[in-house]
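J.: Each chain, letter by letter, is given below.
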Amino acid sequence: MHNKSLSELASDLKSSAYSSVELTQYFLDRIHQHQPSLNAFITIMDEQALAMAKVADEQIATGSAGALTGIPMAHKDIFCTDGVRTSAGSKMLDNFIAPYNATVVEKLNAAGMPILGKTNMDEFAMGSSNENSFYGRVKNPWDLERVPGGSSGGSATAVAARLAPVATGTDTGGSIRQPASLTGITGIKPTYGRVSRFGMIAYASSLDQGGVFGTSATDCALVLEAMSGFDEKDSTSSEQAVGDFSATLNNSLQGLKIGLPKEYFKEGLDSGVAKVIDEAIAEYKKMGAEIIEISLPNSHLAIPAYYVIAPAECSSNLSRLDGVRYGYRCENPENLQDHYMRSRGEAFGNEVKRRIMVGTYALSAGYYDAYYLKAQKIRRLISEDFKQAFEKVDVIMGPVAPNTAFKIGEKSDDPISMYLSDIYTIAVNLAGLPGMSIPAGQADNLPVGLQLIGNYFDEAKMLNIAHQYQQVTNHHQQMPTAFESTASNKGEA
Amino acid sequence: MEWETVIGLEIHAQLMTKSKIFSGSSTAYGAEPNTQANIVDLAMPGVLPVLNIEAVRMAAKFGLGINAPVSQRSVFARKNYFYPDLPQGYQISQFDLPIVEMGYIDIPLEDGSHKRIGITRAHLEQDAGKSLHEDFAGMTGIDLNRAGTPLLEIVSEPDMSSAKEAVAYMKKIHALVQYLEICDGNMQEGSFRCDANVSIRPKGQKELGTRTELKNINSFRFVERAINIEIARQIDIIEDGGTVVQETRLFDPNKDETRSMRSKEEANDYRYFPDPDLLPVRISDDFIEAIRDTLPELPEAKKQRFMDEFALSDYDAESMTATRALSDYYEIVAKKSGEAKLAANWIMGNLSAALNKEDKDIIDSPISADMLAGMIKRISDNTISGKIAKDVFEAMWNGEGNADTVIENKGLKQITDSGAIETMIDDIIANNQAQVEEFQAGKEKVLGFLVGQVMKASKGKANPAQVNQLLRAKLKD
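So the sequences go chain by chain: E and F.
Numbering-wise, the numbering used here puts 464 at position 464 of the first sequence, and it's gapless, one number per residue.
All you need for the numbering used here is the position in the second sequence, starting with 1, plus 493.
These aren't lab readings, by the way, just hints derived from the structure by calculation.
For each residue, glycine too, the CB sits at the ideal point set by N, CA and C.
Each hint should be verified, as a subset may be incorrect.
Keeping only pairs whose Cα atoms sit at most 27 Å apart, straight-line, the calculated DSSO-like set for lysine-lysine is [unchecked claim]:
#1 K699/F to K608/F
#2 K233/E to K572/F
#3 K353/E to K572/F
#4 K511/F to K233/E
#5 K572/F to K374/E
#6 K407/E to K91/E
#7 K708/F to K657/F
#8 K572/F to K377/E
#9 K233/E to K623/F
#10 K608/F to K834/F
Label-pair ranges, simulated between beta-carbon atoms [stated by the list, open to error]:
#11 P773/F to N474/E: 42 to 50 Å
#12 F230/E to N560/F: 36 to 44 Å
#13 D94/E to H626/F: 29 to 37 Å
So here's chain F without its partners, still in its complex pose (with noise of 0.2 Å):
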């Protein structure tokens, strides 16, 4: 039987607010723990709880950024649960009226065309502490610093329908908090979280199959896994015959497999009730547009942007918008080196690579903007041919500086002299008699190993283009 797959997921986008959601503590990761704890975050007996107007801002910046209305009137309710890291015994969120409903946003597919991906809702809520099982024999250390950061849970339609489309909006989801400086994105600190709803059912089939819940899919790549994995679990259940059981299941990246968690029996009554502390949200058109004037430059206005400005294909310029930190780097290498195209293909191709092979963020390159941007420039002036490039780039990558200083030490300015370039080509003619017949006799292929022969003996140096031009006028005598 062919299947059919159905994803939605759940998104925690930390909120970049300097104190928590409800108290004045510091948000900053990495202290020592429970010093960024205050009597509101301990749930001391008698506090209250005061919102931080800084979430309801991002929140609703959000809510612009993916074409959804912002709620006039959103209402906080708590989530009843008990656990040692939540101290007030109820983690404070939002239910039935959340602060943002009804977006979308559109994703490309690997065959160039894009899907639009709704997303339901995203509400406000306060995150946990963290309970810490190691390094305390028999008992359980509690950190309370992270109780009450601000959440975004941005919750998706299930509208994907496959692994690769999952990752694709996921990225989408990223590229866009940070875009509008409301998450940093940070996986590793668990900035930027995600749990995904996997089902499947046979193709053409109206009704949604038993879903599961997938926990701990932490990163781009895991979150493909995981879903693959799952995917293929369920499908194996359903042809030997079984049945789904609707669950929540945990990732393990280091055996590759998802395994059970809790059953929906196990799941908890979370008695949500409107939170009697605090008041409903109510924003006003004002507070809205006073928003909207400080948004910036959205992926998809960027994107637009690029494709008129520097006259990129849609792909090129979906890639060049990915991040906001790879368009912002793109942007100055394509005005500085005046070769927009040429910029997008350097960025692609070897620095993507380079990146991805030492695991670096665009902002942590040891290759400037400004230092691809003076290579470019290197090669459109032909100072140095694009072949030749490459060894630039890798010296400039190895902190040998920047391009023009490697091209000087290394002695890789390219030959432009046609004398010289005339010389050797005499030399090669003269070497390889046979070829020069078959070129001649019509067999246009072999110009190509002429040119390779002069290339090489000009150890790269030389102007391909110059030598092309030159072979050809030599040969015609």
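Isolated chain E, as found in the complex (with noise of 0.2 Å):
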């Protein structure tokens, strides 16, 4: 069942081959029985899951049943969901029941998907790796001693390990791309606004956007569209219609103009990963797609500008964690002051308090300027080179990571190292824009991503782009071998 898609799960369902609970409990036992060795899960939901496999049941037989229900899938521990521990990662959170649900979770709950679980992920999703997580790292099934990138890691490897259909996601700056690339799924992050951010706990609120990983472009249009739409408890989500993902899928890529950005074809992309990126550009010429090259010029401003906005932001968004109304509070304060210092001492990470620390720096009087006004404008520039692009272009095409999976350990001594795995990926936030990642081969036998970015709002060709290329190859039906055995076959990880 593992490795069927959700339509197939869906026509199972509605045929009585198995119901929902059967399904729900199938993907929770492959989850319990690969927690140990990958991590994945921060929460597992049996009992709720199960309760909703129920509900979704009984819609099934009513005949009320949507596309989506009755299949289950995990959420990030960012997205709130009401009466269930969300943690985003940190010690801050280990005790807070989110007395609400997320928008996301709300509609997905009205599509009738059980939620399996709460999946594993950088604390405050700061992070590339899933290194920082106060609930331990999680593995990349494709190799247990590296990383499945971050800061969505848990839900990637979740959906790579075949542990969840489908799983949530968000993107500050890569994190649902990178780790689609580094675990071998598909990911997607649509345009800013396009998700609502109401009860996604925030990280940076101008670049956060929520997302998909799938196992295929047919299974993120399905999700992404339900998750999508304008959100009147978001100021910043659009209005724009949102449109059927699913219906343009097979449209014909003839006469498609990719563009390929010069700087991301520099040094510093491994040799391995460029080759498999060009070999899938030259699947789409056969396509009938024109390649054409282009320029993002201030490419290489965008780490830093990003390492501003996203610090400076945070240093703000994280202030409510006070420990005075709910989350980690320390032991005996003295004075309101020590309960400050403390409570957030000791609950934060090192790397949660580098980004406070970095960004209370950049919007202190005096630096403010230099900074993040600095910062907002590079931030201009870079759309603009995309404005520029996509006046010759339908998509941008490029690698979604330097490398492969790193191994456990080997970055996080250097924040800037691993700051640098998001090269590729932090534009696209930065801008606004729509960016995908979709299993494009391997590199010494680990998955490599091709990064696909759309102008705004083009959601729908994107998942058409990459539908097409998922038509003509199997990177994205490959999975980790060692994930294939089913429940039955317990303990070998």
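Given two chains presented individually in distinct reference frames, assemble the corresponding complex, making use of the accompanying hints.
T.: This is how it looks when you write it as structure tokens:
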């Protein structure tokens, strides 16, 4: 069952080949089986998942089911789930039971998708390797010595190891695309404003965007459509109509203009990764696409701009985590100052503290113009680069990350080298554009993702472009062999 | 040395929206602690603010009321600091792009002239909750009912040069926000609060002296006292060879002093930056015009109309439009009594004295506008004299009914029967021969004495003008 597409699962459920309760139990078994080796989940929601599955089965029986009813999924632990711990991977929120549902959760609940659990992540989505979680590292199912990428590493691992058919993620600087690339699955971050941020614990508000992981573009299309849309509770969500993401999946790519930014193929890009990307581009050429070299001249400024804006916003966003109303509170504070310093000092991890300090500094009187304002100017230049590029091309392609999955611990003492793993993804967030990663092959037996960058609200077109590739290749169907076994084969990892 | 004072005021007016500025919680005052704080007010992880357009409309109204352009684009910014009653760890406010900029208001001075006070800006922001330090031994209680209530912060130019001017300005703004129906003006409940920036400089000097900011001056009386105390303190320091320190000072009305709260060095770096959760506020001309169409008559226009319609002097018209409630009251009395000037006199005189004495607002006056108009009518139709009217007024104040009832019950109807008055006059002339002779010898002044005697004999009920006239006629005989 774990290798079936969402539409196959839906049709099996409709024909009563198995029930949603059985399907949900099947995935829960796989989660429990592989949790010790992968650590993809922070909270496994057996009881709630089965209760939701039961409701879904009733809807299927009465004929009121939709395309996703009864298909279980996982949510990144950054989305608030009513009555369930929502930790954002932090000790700070280890005791936090969310009193409400994020809009994304609300919409997918309404679509009838049982929640298997909450997936592991870098603390407050800060990280590119999932080594920054209070709940321990997540392992890459392709090689347990390696990281799955981050910050949505738990969701990516869960889908890559087929512990969940689909899972939500969030992407602030590459946190969906990079782990999708490193674990060999399909992941899409839509246009900023396409998916409501209400109930999604904020890291950097102007960059954060929810999205989805799946094993194919068709699966992602179904779930992303269900997640998307204007939300009156999020002033930054777009009123633009969502449309039908599945309707145009089979459109021809004849005459499609693909832009290759020359800055994305310079030194720093692993040759094995570059080869896989070249082959994928060749495949598109075969499908009738035209390849055009473009330039995004301000690309090299994306990382420095991001590491001013994101920390600045996070330093303010995380201020509410003060131990006064919820979350971690230190023992016996001597006074208010001591309460703040120890509660926050004891509950936040090092990377979170680093970014709070960087952001606080960047916003301080006397530094604001030199850092924050300058970074905003760079942000506009980067958006302008993309705007000009999209006057010439329909989609931009390139690598997602400069390397395949790296070893656990390899970069954890070197923040700069860690930050550079997002070098091809960050500009997309600064511009607010949609971005996607699709499996394009392997280098040294590790997955490599091809990045698709679309124009604003071009999600349907991107899914179409991804789907056409997946019609003529089978990279997306590859899964790590160690996890092919079913639940009866316990303890193999 | 002669000193000159420079004062600027920051007024926080709580806007009368039904729900909070960024959440759907009620803004009603006085509920059980924390019963009007939803997940947004509590700053739960993941929640987002959504702007209440009604607050924008009210701020725009204020802009029109102070002759200021309403910014077509204004931006919410975060003011970052930690405090337990500030759930987000930042206050959403406006910083470099406020919704209203560059307005003014004219205040009356004691010499009858007017002074124009510039209003630098007015911006929207959310209020914090309340920290309750009493009632919890060794702990602090937090009530977040007020957290997120919309405030309009109104910042003046440093255009005022005395405590009296500061009070006059504050009263003008207080009246305006109530005219506009954007703030209830209730100072006891904290709906209208004021901080003052005060500095002194040698007379004639251009550059400003070091200023201090005075907090907790939430009544007109306190503003005047606190500023005067602070001016004296600053003059003492400088004349003793010291320097004024830039700091925030708290006014203590019990000890009649201001004392240091925190110095500039201790002040927070608020790390303002545009709030990424909120879009810039864009206001169209249509939006402004729609608001302009709903504006009530503003104090200045009303004052002019009172001068035109009721022939009031500038001073009287200014007084009668000081607050919206007062102007409404006056207009009823003036129209119903048909005696506009007399109405103004009674309101400024006896009524306001009685209200002050019992610390009552005009809307709580036991004498309604209709009642006062009824009494004034009895003066103008000579049923009672102005003197007797004072007794009628007092009886009405004490709940003894309207003017006609009081006049009837107490038998205060004026004696206008000339026969009866002449009898009294004859008596007085007979008993005061010496004075009569003095008058006849040319001492005009003595007439007043004789009139007074007649009035006394009539127990005040004779018509003084009539007495005067009849007495004069008799004495000529």
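J.: Hint by hint, say whether it matches the structure.
T.: Right, here's what the structure says about each hint:
no.: 1; hint: K699/F to K608/F; in the structure: holds, 20 Å
no.: 2; hint: K233/E to K572/F; in the structure: holds, 22 Å
no.: 3; hint: K353/E to K572/F; in the structure: holds, 20 Å
no.: 4; hint: K511/F to K233/E; in the structure: holds, 18 Å
no.: 5; hint: K572/F to K374/E; in the structure: holds, 20 Å
no.: 6; hint: K407/E to K91/E; in the structure: holds, 25 Å
no.: 7; hint: K708/F to K657/F; in the structure: holds, 18 Å
no.: 8; hint: K572/F to K377/E; in the structure: holds, 22 Å
no.: 9; hint: K233/E to K623/F; in the structure: holds, 26 Å
no.: 10; hint: K608/F to K834/F; in the structure: holds, 26 Å
no.: 11; hint: P773/F to N474/E: 42 to 50 Å; in the structure: holds, 48 Å
no.: 12; hint: F230/E to N560/F: 36 to 44 Å; in the structure: holds, 38 Å
no.: 13; hint: D94/E to H626/F: 29 to 37 Å; in the structure: holds, 31 Å
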